[in-house]
Structures are given as C-alpha cells and as structure tokens.
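K.L.:
Here the protein sequences line up with chains U and D, keeping their order. If you read the first sequence in numbering that gives the first Met the number 0, its first letter stands for residue 0, the second for the next number, and so on. If you read the second sequence in numbering that gives the first Met the number 0, its first letter stands for residue 0, the second for the next number, and so on.
Hints may be right or wrong, so weigh each one.
Below are the DSSO-like pairs computed for lysine-lysine, each with C-alpha atoms no more than 27 Å apart in a straight line [to be verified]:
1) U:140 <-> D:11
2) U:117 <-> U:87
3) D:11 <-> D:67
4) U:115 <-> U:140
5) U:140 <-> U:7
6) D:11 <-> U:7
7) D:11 <-> D:219
8) D:67 <-> U:87
9) D:11 <-> U:115
10) D:219 <-> D:172
11) U:115 <-> U:7
12) U:117 <-> U:7
13) U:115 <-> U:87
14) U:87 <-> U:140
15) D:11 <-> U:87
Covered stretches of chain U (chain D as the covering partner; in silico rule of three or more C-beta atoms under 8 Å from a C-beta of chain D) [unchecked claim]:
16) 84-93
17) 110-119
Chain D is nowhere near these chain U residues, computed Cβ spacing over 12 Å in every case [as the list claims (entries may be wrong)]:
18) 8
19) 13
20) 16
21) 20
22) 35
23) 36
24) 44
25) 45
26) 49
27) 65
28) 81
29) 134
Derived from the structure by calculation, the hints contain no laboratory data. Ideal Cβ placement from N, Cα and C applies to all residues, glycine included.
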Amino acid sequence: MANEVWVKSLTTITAQDNTAILDATYDPNSASYTGGTPTVIDQSSGENAAGAEMVNLELLVTQGAATDCTAEIWSSESEDGTNYTEYKYSHTVGDTIIQTTDGDGNRYDAGLYVLKAKYTKLVVNSSDDDIDDCTLYATPKLPEIQ
Amino acid sequence: MSFFLRQLWKQKPSMYGPVSAVQRDIFLNAERCGIDPGSIALYLPMWGPGNQQDYGPGGLTGINSGVKYQENGLYYTTDNTITYPAHPAINNYGPGPFTVITQMNDIDITYDDYIFQKEYFSLRIISSSSRQFSFGIDLYGQDIGNTYSYQPEGSLDSLAFVYDGGSSSSGLKFYRNGVFQTPNDPTEVIGGTATQDDSAEIFVIGNLTKTFMTSFLYVKAELEYSQIALLSDHPYILLQRNPQRRYFVSATGLPTPVNLAGVPGFNSITWSWESGA
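Here chain D stands alone, though its shape is the one from the complex:
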C-alpha cells in the first residue's frame, strides 16, 4: 500500500536512467492501470527538477523558438507551436480513437488554439465566447465537437479528451480534473471549415497562448472514465519506479514482497499480498 500512502504520484520524478528502465516502468505501470502499453504513442513528462533541459529528440525548444522549459514544464510565452519531430509511432497513425491527457495552466486560451495537430486531424478550440469553449476535432476539414462552459482559472488543470474516431460530436468527451463535463447542448452540431494547415505531416502540440504545460500523454485508444480519473489525479503515476521495493513483515516474521496484480480495466484492479500465514 505504500505506493499510495507515500503519494509518489504527486511528486514529479527526476529524470533517471537508463532509458530502457524508464520505459519498462512506464509499461508496467500502464499495465497496472489497465492501459495497453503499446497504445501509448507519445508521453512528454517534462521531467524535474529545476529548469528542465531540452531532452526531446532534435530538441523541442531548439526547433521551436519562443518556447522554453521552465519549472518542470513547457512554457509558451506567446502563441507558439511545438513541432514534435517526426516519429513513426505517431505519423503512421491516421485519424482514429485517441485519448489525450495534459496538465496545463492555460491562462488565455482562445479560438483556434489547438491541443495537438496531426495531418488532417487536430484537437482544438473551434469557437469561444464568454468563457464558453467548443473543443472539437477537426477531421479532414470538418469540425465536430461540443461546447462547454470552461473557464481556465489560472490553476493547473488536468484536461482530458477522449475521441472514438467517429464523425459524431457525441464521440468526443471532455474531462476536467478527472470529472466528465457535460456539453452545454448535447444536441448541438458544430460544423465548419478547418483553418489549420492540414498539409503538415507532423505532429504538433500547442499554438496555445501563455500556457504552462507539465505533462502530455497521447494514447491511441479510448481510455475508461476510471483511468481518466486516475491519470488526472495522479499525472506522474506512470513514471514511478516499478516494482516498488516495499516489504512488510508477514505472520511468520519473514519479510515478503507486496504482490500487486493488475487486470485490464482499472475498475477491477486488485491488490493482494502474501499474508504468510
């Protein structure tokens, strides 16, 4: 139980190595949460501590002027687009189901800001007025989405978007801090023409205004509500070292490892340990 009691997920882990060990930890933690590790296409944790150096392949800030790592996050000072270097895991993926979970403090989001963009495919703010935002999918130039009364309050929010890959607005769900947000008008149909550059064969994040982003997770699958809630509350849970080296004393007086068994679907995740009795 120490995994929870120590609240490790609240602490942004320092970068550690080797890379293969970190990947193994992410994979094991993902499985524990009932997430297929192979569905994780991109994960930018913005490691701590301090003013993080640029670790992205090719350098995220190096090729994107006006963006910098600061205080364990990625900081957009003005309208900036983060171009993520081409990667087969992302680029070979066309429009389809996905989940995006990002921790961000978006001080001033506006129309046409987008969370990410891929060729013919973007998740962005397709309209805004009086603090009502329409988060939509721009799919081959056609917008689908829903309008929410969302007011960024300057605090670090966990925003999660789940999309089923279809062409209906009901297929896009928005969660704020792990809580499902009901669209203002579920029957509303948002249409329109995309204004983004659909020709870019790259994956870009951003075009956000005055935003501070501390993590970004892109999963090529629809995650369940419980998984969204877990990853929203505990954004660094996937990065914790796994297995945790925790022991307790059994009835026989011998230390035994805590055994943790995860099964698909976090709802049914089970905790068990050897009693030794």
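Pulled out of the complex, with its shape left as it was, chain U reads as follows:
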C-alpha cells in the first residue's frame, strides 16, 4: 500500500485584524502600539493549528498608508499559553505596501513563519508610514500521512 505525505492546509486564521490606523511610530512591544489584538496560533488545538509546522502568511491591505511603505512581521511565543516572550522581529514582507488608494485591497504574500513554540502570536509592524487598515491571515500547513 502506498503511503503519501501531503502538505495539508488548515482553515485560515485571522492572525491580526488592524481596523485602527497602524501607527508606524510604535513597535509591537510599545504600550502605544495601535495594532489589533492578535489571535493565538495554537499548535495543540484542532480548531486552530493542531500539529502545524508552519503558517503561510498573507497581508490584506484594505486601506494603505499615505505613502508607499514597508510591513514587518513580528512574533511573540509561549509554551504554556500564559507567559509570552517579548515581540521580536521575524521578517519583512517582500513587497512594497502600495499607498492608498492605488494599493487598497491588495493582498501581499507575507512569507512563511516556522512555528517553533506551542503558542504563537503574529502581528504586523508598519515602518515608514501608518497603514490605515490591514489584516494578517495565517494558513497553517502540516505534513499529513495519507
């Protein structure tokens, strides 16, 4: 009997919904950070990201900044779901976030995040300029033996 290992995609998680203006002045560790509360990506939960090895990230920019800018992905991790690390820079979205209104509605490939802790929070940090409205989506991927 042949067995195959497929890379399975779980339901996409809204990792962070930023309906308020994402102020480029503050990073996610700042008390003044204006980003939305992130959804915990939980490797132990079947409803969320059970067994996932990584998440594929997409950034939907509903309303861009006044100028072209850059978006970074930052992460905070926890093994017990209670004690989280400080947010840390992970990587930069590889494309320029086009300014409003030209780039409004654009969905950007925001790279890949390798899950290394049981609980992970991923957030967007805008640099250069304030992104008015954006949403970070994370689709968990896991190899599954068929």
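With the hints as your guide, set chain D onto chain U.
P.N.:
Okay, now just chain D, sitting in the frame of chain U:
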C-alpha cells in the same frame, strides 16, 4: 533525493521567519556541505520576492544613497559603495584566509572597483586593460594578485575568491561559475600602492559600476573546490529549509524519513536512507 530533484536551490527563497529558524537552516545546510557554520561572517541573500525591502541592520540603502533593492537583488546604478553597518563578527577579523562567493552581473567593472573592503584589507580589481583584469588583495597597502582574461558578458556570473591569508599571489584563487580560472601568468608578481581608504573601520561592499548583485557570502575560511562549485551552481542551497520534510515508502510499507548524513568535506558527503527492509 527530493532535495536535488526538486531543484530548490534554483529558486530564491522568500523571506521567512523566525530569524532563529532561518539561521538554524543556514547552519544545518552549511554543515551538510562541510562548511563550519561559525566561519560564515556575512551572508546577504537579497531575499525574494519582488522588489525587496531593505532588511539590513540600519538599512543598507538608507545609509547608502544611489543603491536600491530591485528584482531580488542589490542594484548599483552608478559607482556606489555599500557600507555594511559595523558588526563584531566582521570587524574583529583582521586580514586572514577567506572565501567570497557572490552572484553578480557586473556590466562594467573597472580599475579600482572592489568586491569588498575592510580596514587594511580589500579584494578589488587592481588593474584592467583589454578585458584582462587583475583581481588582487590589497593587504596593508601592498597589492598581490593575479591577472585573468575575464570578460563580464552581462550575464549573472558566480564569482568566487579564495585567499589563504598569505602574501603570495598564488594564495589568491579565482573561480568563475564554479570553475577554477588559471592566471594568465602564474609567475606574475603584482605590486603597488593601495589607493583605497585603509582607515575605514568598516566593512564595505561594492564601489562597483552598474552591477546587479543577488547574493553575497563571506566565509572566514578557505573553502574547497567542490564547495565552491556547489555554492556557485546552487547559490541558495544554504537557505533551503532543513530538514526537508520528505518521505518515501519503505519495504515494510511504512513511511520513513530520509536520513542525510554529512561529514566535513563535501567530497565525502554521503547520502543514506532507511530501507526499512
């Protein structure tokens, strides 16, 4: 075998995170290739996709006007010097053995262009005429090097330089696209006085003309020919995720992971897998 069959090294990987995972992958892949990970002093992969944002600490393009990231590479529109922000891993390293492997499309290299420069130490083009270039080490103001008939043809070439840290021209080897280049005159001795700014306590890359660079690797060791060939042909092999999640069906019908064993020296790298039988 899927690592090879899928030709992942040909694809410039997108930036991914977390940083520690990327570093782990680079380290594991380096070990697999027989390279001491601790000898990697600087690696600028110029991530894809698209027009890459500036991810260098402090911003490479921010502090270096006239240089930009474009099409997964670093693009020099005119004579530009890339100043890499001070980093102990580089700055605490004096003249000594090194290997530089860079993928670049150098449309118009000229005399005094340099690949990199460090305090009292640079790798640069110390003379050129009729498409014959002398790549040399400028060591404390004294040039050593060899002359090659090298003609940049506008294509993306992999240039590799291996230096043994000594003061003899024979200690500098040049590889183009993974192939060792024999100096035009192996007995030639190039001398002269350096014209670069030797006082700069920084590591700079560039001063190249109309160059498009897609990766830059600086290793504080002399790599072997086979490693040069591998990294020249497969410039992104160090960035691939490791371990690869690949499975195949064993004789017992159970999936087993592919086990890959690397030993120092890529010549002797061995591939093995569980047969399950």
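K.L.:
Compare the structure with each hint and give your call.
P.N.:
Here is what the structure says about each hint:
A C-alpha spacing of about 21 Å is found between residue 140 of chain U and residue 11 of chain D, which places the hinted pair at or below 27 Å, so the restraint holds. Of the pairs offered as hints, the one joining residue 117 of chain U and residue 87 of chain U holds, with about 16 Å between alpha carbons and a cut-off of 27 Å not exceeded. Annotation: proposed proximity of residue 11 of chain D to residue 67 of chain D holds, straight-line Cα distance about 18 Å (limit 27 Å). Only pairs whose Cα atoms come within 27 Å are accepted, and residue 115 of chain U paired with residue 140 of chain U is accepted, the gap being roughly 13 Å.
The hinted pair formed by residue 140 of chain U and residue 7 of chain U meets the criterion: a straight-line CA distance of about 5 Å does not exceed 27 Å. Straight-line distance between C-alpha atoms of residue 11 of chain D and residue 7 of chain U comes to about 23 Å, which keeps the hinted pair within the 27 Å bound. For the suggested pair residue 11 of chain D and residue 219 of chain D, the alpha carbons sit about 24 Å apart, so the restraint of at most 27 Å is met. Proposed proximity of residue 67 of chain D and residue 87 of chain U is supported: the alpha carbons are some 26 Å apart, at most 27 Å.
Of the supplied pair hints, the one linking residue 11 of chain D and residue 115 of chain U holds, its CA atoms being roughly 23 Å apart against a limit of 27 Å. Distance check on the hinted pair: residue 219 of chain D and residue 172 of chain D sit about 15 Å apart at the alpha-carbon level, within 27 Å; holds. Proximity of residue 115 of chain U to residue 7 of chain U is assessed by CA-CA distance (about 18 Å); at most 27 Å being required, the pair is judged to hold. As the CA atoms of residue 117 of chain U and residue 7 of chain U are separated by approximately 19 Å, the hinted pair is consistent with the 27 Å bound.
With a CA separation close to 14 Å, the supplied pair residue 115 of chain U and residue 87 of chain U stays within the 27 Å bound. Note on residue 87 of chain U and residue 140 of chain U: the hinted pairing holds, with a Cα-Cα distance of about 22 Å set against a maximum of 27 Å. Proximity of residue 11 of chain D to residue 87 of chain U is assessed by CA-CA distance (about 24 Å); at most 27 Å being required, the pair is judged to hold. Remark: the region 84-93 of chain U is confirmed as covered by chain D, as 7 of its residues place a Cβ nearer than 8 Å to a Cβ of that chain, reaching the required three.
A count of 5 residues in the region 110-119 of chain U with a Cβ less than 8 Å from any Cβ of chain D is obtained; the coverage claim is therefore met, three being the minimum. Chain D leaves residue 8 of chain U outside its interface by the beta-carbon criterion, the shortest separation being 15 Å against a cut-off of 12 Å. Annotated as non-interface, residue 13 of chain U keeps its C-beta farther than 12 Å from every C-beta of chain D; the closest such distance is 19 Å. Listed as outside the interface, residue 16 of chain U is consistent with that label: its C-beta sits roughly 20 Å from the nearest C-beta of chain D, beyond the 12 Å cut-off.
Under the 12 Å C-beta cut-off, the non-interface status given to residue 20 of chain U relative to chain D holds; the minimum distance is some 21 Å. Residue 35 of chain U, annotated as away from the interface, keeps every beta carbon of chain D farther than 12 Å; the closest lies near 20 Å. No beta-carbon of chain D comes within 12 Å of the beta-carbon of residue 36 of chain U; the shortest separation is about 20 Å. Residue-level check passed: residue 44 of chain U sits 21 Å from the nearest beta carbon of chain D, beyond 12 Å.
Distance to chain D confirms residue 45 of chain U as a non-interface residue, since its nearest Cβ pair spans about 21 Å, more than 12 Å. Residue placement check: residue 49 of chain U keeps its beta carbon more than 12 Å from all beta carbons of chain D (closest about 17 Å). For residue 65 of chain U, the non-interface assignment is confirmed: its Cβ lies about 18 Å from the closest Cβ of chain D, beyond the 12 Å cut-off. Every beta carbon of chain D lies more than 12 Å from that of residue 81 of chain U, the smallest distance being close to 20 Å; the non-interface claim holds.
At roughly 19 Å, the least C-beta separation between residue 134 of chain U and chain D is larger than 12 Å, which holds for a residue marked as non-interface.
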